[in-house]
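My request is simple: use the sequences and hints to build the entire structure.
These protein sequences, in sequence, are chains A, B, C and D.
Heads up: the first sequence begins at 1 in our numbering, then just goes up one per residue.
Heads up: the second sequence begins at 1 in our numbering, then just goes up one per residue.
Heads up: the third sequence begins at 1 in our numbering, then just goes up one per residue.
Heads up: the fourth sequence begins at 1 in our numbering, then just goes up one per residue.
Because the hints were derived from the structure by calculation, they are not lab data.
This one's a predicted model, so the numbers in the text were calculated from it and none came from an experiment.
Among these hints, one or two may not hold up.
Given that identical chains are not distinguished, each listed pair holds provided it fits within a single copy or across any two copies.
Claimed, not checked - Under the rule of at most 30 Å between Cα atoms (straight-line distance), these lysine-lysine pairs were calculated in the DSBU-like manner:
no., residue 1, residue 2
1, Lys142, Lys220
2, Lys3, Lys264
3, Lys24, Lys3
4, Lys2, Lys121
5, Lys247, Lys220
6, Lys66, Lys121
7, Lys247, Lys232
8, Lys24, Lys2
9, Lys264, Lys220
10, Lys94, Lys2
11, Lys247, Lys210
12, Lys220, Lys3
13, Lys66, Lys375
14, Lys3, Lys121
15, Lys66, Lys47
16, Lys121, Lys247
Below, each chain spelled out in residue letters.
4 protein chains.
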Amino acid sequence: MKKLNIGLIGYGFMGRAHSNAYLKVSRFFDLEYQPVLKAVCARSADKVKAFADNWGWESVETDWRKLVERDDIDAIDIGSPNNTHRDIVLAAAKAGKMILCEKPLAMNAAEGLEMTEAVEKAGVPNMVWFNYRRVPAITLAKQFMDEGRLGRVFHYRAKYLQDWTISPDLPQGGAALWRLDADVAGSGVTGDLLAHSIDTAIWLIGGVDKVCAMTETFIKERALQDDPGTVKSVTIDDACAFLARFKNGALATFESTRYARGRKNQNTFEVNGEFGSLYFDLEDAHQLQYFDHRNDSQSRGWRTILVTDSDHPYMGHWWVPGCVIGYEHTFINALADFLGGLASGVPVRPNFRDALETQYVCDAVLDSAKTETWKTVGA
Amino acid sequence: MKKLNIGLIGYGFMGRAHSNAYLKVSRFFDLEYQPVLKAVCARSADKVKAFADNWGWESVETDWRKLVERDDIDAIDIGSPNNTHRDIVLAAAKAGKMILCEKPLAMNAAEGLEMTEAVEKAGVPNMVWFNYRRVPAITLAKQFMDEGRLGRVFHYRAKYLQDWTISPDLPQGGAALWRLDADVAGSGVTGDLLAHSIDTAIWLIGGVDKVCAMTETFIKERALQDDPGTVKSVTIDDACAFLARFKNGALATFESTRYARGRKNQNTFEVNGEFGSLYFDLEDAHQLQYFDHRNDSQSRGWRTILVTDSDHPYMGHWWVPGCVIGYEHTFINALADFLGGLASGVPVRPNFRDALETQYVCDAVLDSAKTETWKTVGA
Amino acid sequence: MKKLNIGLIGYGFMGRAHSNAYLKVSRFFDLEYQPVLKAVCARSADKVKAFADNWGWESVETDWRKLVERDDIDAIDIGSPNNTHRDIVLAAAKAGKMILCEKPLAMNAAEGLEMTEAVEKAGVPNMVWFNYRRVPAITLAKQFMDEGRLGRVFHYRAKYLQDWTISPDLPQGGAALWRLDADVAGSGVTGDLLAHSIDTAIWLIGGVDKVCAMTETFIKERALQDDPGTVKSVTIDDACAFLARFKNGALATFESTRYARGRKNQNTFEVNGEFGSLYFDLEDAHQLQYFDHRNDSQSRGWRTILVTDSDHPYMGHWWVPGCVIGYEHTFINALADFLGGLASGVPVRPNFRDALETQYVCDAVLDSAKTETWKTVGA
Amino acid sequence: MKKLNIGLIGYGFMGRAHSNAYLKVSRFFDLEYQPVLKAVCARSADKVKAFADNWGWESVETDWRKLVERDDIDAIDIGSPNNTHRDIVLAAAKAGKMILCEKPLAMNAAEGLEMTEAVEKAGVPNMVWFNYRRVPAITLAKQFMDEGRLGRVFHYRAKYLQDWTISPDLPQGGAALWRLDADVAGSGVTGDLLAHSIDTAIWLIGGVDKVCAMTETFIKERALQDDPGTVKSVTIDDACAFLARFKNGALATFESTRYARGRKNQNTFEVNGEFGSLYFDLEDAHQLQYFDHRNDSQSRGWRTILVTDSDHPYMGHWWVPGCVIGYEHTFINALADFLGGLASGVPVRPNFRDALETQYVCDAVLDSAKTETWKTVGA
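Here is the structure:
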């Protein structure tokens with residue numbers, strides 16, 4: 001078995017999810033490469049030390065530049081805020097490291113292009129953690145699409161709804177709430193949530209031709225988390241909805257918000273094709289709904305497929321049929337695919353180039369909302 | 001078109017449902033026989049007159065014996081309380097009238113047998129209003145069973161849950177609450193609700209071999225509706241559950257109660273067979289759920305069939321695909337079948353003989369609960 | 001009881017639904033006015049005669065102008081195709097008749113304005129049959145909104161999805177398929193389906209400020225139903241989606257199509273407010289889903305309210321708690337409200353003025369789709 | 001942090017689930033005791049070595065007696081087949097080891113009593129892995145019961161349905177299929193599945209007074225997995241259903257089978273109380289359904305609580321609100337509680353005494369089925 005030394009940057013929500021994946025992947029998947037939790041990096045020496053102790057990281061760094069330069073690191077895993085991705089990627093690519101980067105890839109498409117060209121020029125394996133592609137039900141949906149079960153696609157509709165920012169008392173910025181600060185996050189729901197929806201859509205349906213969007217910031221001002229006495233304008237988009245036309249002629253609607261009372265993590269999509277339809281909701285992540293028009297007319301109906309059998313994607317690696325897996329497993333499945341790609345020589349997807357395509361859509365969406373016009377997705 | 005003169009007995013909940021059916025059936029079904037609302041009968045002259053005016057009944061009677069003897073009546077429809085069924089049926093059969101009788105057929109199987117023999121001897125068309133057989137989704141389930149879609153049946157489970165008698169302040173007896181008085185109703189949930197479940201079960205699966213039951217009366221005493229100062233023991237079964245073995249070897253559980261908080265009219269059944277399963281819930285009466293194991297293994301799932309297409313049972317007579325029908329339509333569908341049976345010469349089911357079979361099961365259930373032993377269903 | 005003589009125009013799908021309403025309304029509602037099925041009018045003498053016989057209409061006409069002029073007619077009910085509405089309304093208003101008109105009100109807002117001014121000038125009672133306002137669950141949603149249960153509204157999303165026109169073999173035009181001919185229908189899904197969605201939205205949320213839409217015609221050519229050898233361009237919109245901003249600041253998405261495989265009559269809306277959310281789906285018309293954020297935090301959840309209890313809107317007039325009503329009942333409930341409005345002097349809604357507001361939105365939507373720009377809703 | 005040296009017996013399905021729990025618990029829970037994967041034991045030297053390598057167990061044993069006697073082992077964890085539990089427990093208790101035992105506790109109540117008395121006499125911490133108590137939604141149900149949200153309980157109904165043994169080609173016995181061999185498993189679905197249902201029921205409602213059961217073996221003979229040419233009688237119960245009365249007067253039905261086509265791991269329960277009801281289905285393990293009758297009458301409905309918020313049981317230890325956990329986490333949660341109990345001095349439940357109570361119910365159920373009579377649950 002080959003060792004793959006990992007250097008992780010960031011110890012927040014994603015730091016935990018990735019650490020868990022490195023710890024578990026080899027126990028459940030039979031892989032040629034075994035990740036080693038070599039070093040974790042973050043600015044606070046105390047906190048990163050505690051994190052390393054908890055998860056079994058062998059060493060710590062407080063400057064990511066040092067981490068990137070270490071000879072004993074094979075792969076850099078980026079779990080830090082969005083505004084740090086570019087510089088780390090450029091340095092890591094230059095240092096010849098493999099790169100696993102959290103989504104969204106970049107603050108905007110210009111950055112994303114620079115980063116993509118850097119990793120491609122360096123020829124280093126690269127992946128972006130659009131983990132929802134590895135929800136078994138979504139992977140199954142992709143398989144059904146590839147098998148031609150739906151025929152010509154007419155419609156796609158995606159939503160990503162949450163409700164955790166409705167209170168005006170919620171502050172912005174800081175370690176926990178940087179997603180509410182456009183200077184750190186790049187955008188609001190567009191980059192954080194719709195990027196997921198767009199990545200899935202492109203994977204399932206193909207490229208997006210043009211979009212027309214609207215965005216809104218419902219709560220105009222919030223206090224700063226790290227300085228409660230200071231109130232500042234909220235610069236992110238609280239909500240974003242857009243119309244889209246795919247290159248293959250399908251029509252789409254996308255919507256995301258953090259103001260949909262009662263929707264906790266409702267990431268849904270529906271595809272309507274000539275022969276059938278698919279529906280998925282992340283709040284019931286173990287299910288894929290499927291309508292097969294080719295069933296006899298009296299017995300047609302929407303099927304709820306429990307994606308928990310051993311012949312469903314990834315599930316043979318986990319427990320027994322009927323037993324569900326959870327949020328964390330999407331990262332483990334993705335990591336297994338990344339490691340499998342190293343062994344097989346068939347690189348994992350989505351890579352930076354794929355994520356850049358999503359970034360172009362995000363940029364077009366934000367631009368469309370600002371100008372109130374339709375925008376063709378850039379290239 | 002041939003006229004069929006109807007004489008209805010009773011103007012309560014069932015009187016309304018039947019009147020509505022007579023009023024509408026010819027508008028939606030192309031039938032040889034057209035029912036005429038000839039006479040309605042009830043003890044209170046004032047109330048029956050008002051009822052007749054509202055629904056367009058041509059005349060009224062206050063003594064059912066007179067109604068039965070009228071030459072201008074072709075069919076007697078019995079919607080009065082259970083303890084009146086026997087005498088009316090015997091007289092009507094003797095008078096050579098067709099009979100449509102509300103369920104349960106009788107107070108007990110002994111009465112039921114007497115009544116069944118009377119109508120058979122008289123050779124008069126007869127039907128019992130087990131209206132749920134005419135819920136399109138249940139009719140479709142029957143069709144699926146007959147087509148062999150499920151193969152060998154292993155399991156059947158039925159529930160009929162309501163919650164309207166939980167309050168100890170609810171009185172018993174009287175015009176509106178005779179269903180809580182065993183002297184009038186014969187039994188509690190067993191005759192009122194489980195009779196429906198049993199009728200459906202026998203229709204779908206076949207005869208019941210033996211049963212083991214328990215019953216309970218949660219609220220032991222209630223005031224009388226017609227005499228609020230008087231408190232009497234409650235004599236009905238508030239709840240009843242039983243195990244059963246069908247003659248074909250399938251196992252079953254049945255349960256009914258009026259103490260299931262939040263369940264309003266939850267009449268459900270599930271059939272598990274070798275090749276597939278079916279599930280129905282009256283609270284979602286427009287749906288039939290179907291699992292087809294013969295689908296390819298990755299796409300198997302429970303289908304929710306919207307039973308609203310024009311090729312589904314009865315639905316071609318109603319609106320356009322996608323439009324639901326309601327509770328009342330089960331009576332209209334049943335009536336259409338009764339009238340169609342008169343024309344075709346193929347008598348409608350369930351007839352008295354069918355309902356008697358259900359009555360035998362009810363008797364065995366109540367006997368089993370009392371003696372705490374298994375009971376073979378009588379014949 | 002006062003008689004109200006009805007003259008109905010059209011004997012298609014809506015002709016049946018309205019006839020059924022006139023037949024039943026007085027049996028279930030206690031009303032001062034009783035409709036009389038006086039005359040029905042359609043061009044084919046044979047067909048209208050058969051229709052009248054079936055439903056009990058006292059007389060027939062083949063020219064609607066004669067019907068409008070008859071002294072024994074109090075109210076004109078328009079169930080004929082959209083391109084006939086204007087002329088009939090202008091004539092009926094001039095003749096001083098009450099008018100009940102099917103939706104959409106008109107071919108476009110210019111017609112609609114002319115018609116609205118005509119009925120207002122004539123001072124005749126008028127109603128447009130947006131029957132879904134009378135689905136008890138939707139009426140309940142309106143009541144919840146009026147009670148302030150949701151607080152400030154952030155989001156509204158509506159869909160109206162069907163799948164019956166996917167086959168390229170389906171012809172267009174003719175008596176049954178005029179909805180596929182823009183010369184008769186005015187538009188495709190926008191006027192037929194989205195008009196319902198918009199009417200409900202305005203009722204629940206308030207006026208629409210501006211919209212941005214896209215439309216598509218997936219099947220470009222179809223044979224004519226009445227002349228199968230002739231193939232013509234399809235002129236209607238097969239699908240339409242639009243973004244909207246309400247005047248109160250709420251954001252909305254709307255979408256309709258007849259190309260959503262597996263969706264039969266899926267008319268849905270969701271409202272997200274500060275304190276709670278509502279969700280409705282016409283395919284489960286007996287339910288309203290409600291999320292109440294003010295419940296204690298551990299027990300919050302989306303409630304499925306079975307809108308079948310006697311204290312729910314309209315339900316006390318129908319059967320007993322737990323028994324559902326169907327599609328046809330929405331017309332009966334609407335008619336009861338119209339008749340009740342005549343008696344009380346509080347006119348029923350939606351009237352022509354309300355329907356005109358919906359028509360303005362439809363016009364803006366179609367204009368926006370054509371020009372690919374945002375459009376402010378006209379006045 | 002105190003180290004707790006674990007000795008695990010068995011490397012099958014449960015061996016994996018427990019190993020995963022030992023690996024992860026300290027990463028997610030802040031605990032005084034940290035488990036050390038000291039030794040794993042199984043008869044096959046090769047296989048146990050491979051298992052140990054994969055999971056990081058420090059050493060291996062092939063004779064459980066040696067494991068039990070090792071001084072460096074603090075706790076024995078029993079994941080081997082049911083017919084090994086007794087001997088291991090008696091030896092481990094004698095050796096003063098803590099014991100964590102898979103369910104069902106024993107082959108029968110006589111064994112269970114002997115084992116319970118042994119651990120109690122030895123005074124060693126003990127737990128039985130009824131892991132479903134640690135499904136957050138079930139823990140929440142228990143909390144709601146304890147808070148009195150349901151009031152007096154009238155009904156309980158539990159099902160545990162699977163479909164994986166329907167094929168007559170499935171063999172019995174051997175390493176993978178010992179659950180189909182009564183000599184190894186003690187019974188069929190009663191001990192394997194209903195034991196879970198009974199444990200949950202007793203926890204939520206209280207003790208069971210008496211039961212009446214039926215069992216069935218649908219496929220009478222099967223080949224042996226380890227000797228495909230030999231066909232033997234099937235000795236387990238394929239299906240079991242029983243009626244029960246709780247000591248507090250509530251009525252119950254229980255049913256389990258491995259012949260319910262389409263039901264993969266459908267472990268459900270419903271409680272109906274005076275003020276409300278609860279419903280749970282393991283196939284949607286992240287949800288608890290709750291009906292609160294004390295809501296205002298128009299808005300009452302069954303709520304689907306997504307048990308994924310940080311103030312729900314256990315969830316604060318996992319990811320962020322809206323992210324689900326899976327099957328494996330129930331073991332980690334249970335282990336965290338066991339370790340927490342060691343620290344706090346408040347022993348974890350269910351202990352052997354609790355599991356014995358479930359065993360008495362199982363024995364009464366099997367006895368009742370054999371004798372076709374009601375049986376009082378032993379003590």
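Verification of the supplied hints:
Proximity of lysine 142 to lysine 220 under the C-alpha cut-off of 30 Å is restricted to the inter-copy arrangement: shortest distance 29 Å between copies versus 39 Å within a copy. In this assembly of identical chains, lysine 3 and lysine 264 lie within 30 Å of each other by CA distance neither inside one copy nor across copies; the values are 38 Å within and 38 Å between. Both within a single protomer and between protomers do lysine 24 and lysine 3 lie at most 30 Å apart by alpha-carbon distance, with minima of 15 Å and 21 Å respectively. Taking CA atoms no more than 30 Å apart as the test, lysine 2 paired with lysine 121 passes inside one copy only; the shortest distance there is 25 Å, against 51 Å between copies.
In this assembly of identical chains, the alpha carbons of lysine 247 and lysine 220 lie at most 30 Å apart only when taken from different copies (18 Å versus 36 Å within one copy). In this homomeric assembly, lysine 66 and lysine 121 come within 30 Å of each other (Cα to Cα) only inside a single copy, at 22 Å, whereas the closest approach across copies is 59 Å. In this homomeric assembly, lysine 247 and lysine 232 come within 30 Å of each other (Cα to Cα) only across copies, at 26 Å, whereas the closest approach inside a single copy is 41 Å. With identical chains, the CA atoms of lysine 24 and lysine 2 are at most 30 Å apart both within one copy (16 Å) and between copies (24 Å).
Taking the closest pair of Cα atoms, lysine 264 and lysine 220 come within 30 Å of each other only inside a single copy of the chain (22 Å); across copies the shortest separation is 41 Å, beyond that limit. For the homomeric pair lysine 94 and lysine 2, the shortest alpha-carbon distance inside one copy (23 Å) is at most 30 Å, but the shortest distance between copies (45 Å) is not. Proximity of lysine 247 to lysine 210 under the C-alpha cut-off of 30 Å is found in both arrangements, the shortest distances being 8 Å within a copy and 27 Å between copies. In this assembly of identical chains, lysine 220 and lysine 3 lie within 30 Å of each other by CA distance neither inside one copy nor across copies; the values are 50 Å within and 52 Å between.
With identical chains, the CA atoms of lysine 66 and lysine 375 are never at most 30 Å apart, being 42 Å at best within one copy and 55 Å at best between copies. Taking the shortest alpha-carbon separations for lysine 3 and lysine 121, only the intra-copy value of 25 Å comes in at or below 30 Å, while the best inter-copy value is 49 Å. Only within a single protomer do lysine 66 and lysine 47 lie at most 30 Å apart by alpha-carbon distance; the minimum there is 18 Å, versus 43 Å between protomers. Proximity of lysine 121 and lysine 247 under a CA criterion of 30 Å is satisfied intra-copy only: 28 Å inside one chain copy versus 51 Å between copies.
The structure fails to meet hints 2, 12 and 13 from the earlier list, while all remaining hints are met.
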